[in-house]
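Under this note's numbering, the first residue of the sequence shown carries the number 10, and numbering increases by one thereafter.
Please keep in mind that the hints were generated in silico from the structure rather than gathered at the bench.
Label-pair restraints from in silico Cβ distances:
id	residue 1	residue 2	range
1	V19	I52	16 to 22 Å
2	A22	K46	21 to 27 Å
3	I53	V19	15 to 21 Å
4	S18	W43	25 to 31 Å
5	L16	L44	25 to 31 Å
Owing to the predicted nature of the structure, the values given are computational and were not obtained by experimental measurement. Ideal placement from N, C-alpha and C gives every residue a C-beta, glycine not left out.
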Amino acid sequence: MKILSKLLSVLIAIAVFVNVITLVLNVLYFFDEWLFKIWVSEIIVIVYLVNVYIWNQVR
Numbered sequence: 010m011k012i013l014s015k016l017l018s019v020l021i022a023i024a025v026f027v028n029v030i031t032l033v034l035n036v037l038y039f040f041d042e043w044l045f046k047i048w049v050s051e052i053i054v055i056v057y058l059v060n061v062y063i064w065n066q067v068r
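The whole structure should be built from the sequences, with the hints applied where relevant.
Here you go:
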């Protein structure tokens, strides 16, 4: 379980980093509907990973 917890922490960190980069590209360079959809899907993935991480800590 400790390995899974570490792995989930790393995945959450990577997902947040990618989400910030996508947001910066979306705001500073050009606002594109395709990039906006990717950004929203990344937020959904982050919420899912955080949910799994929390449930892993509860058990």
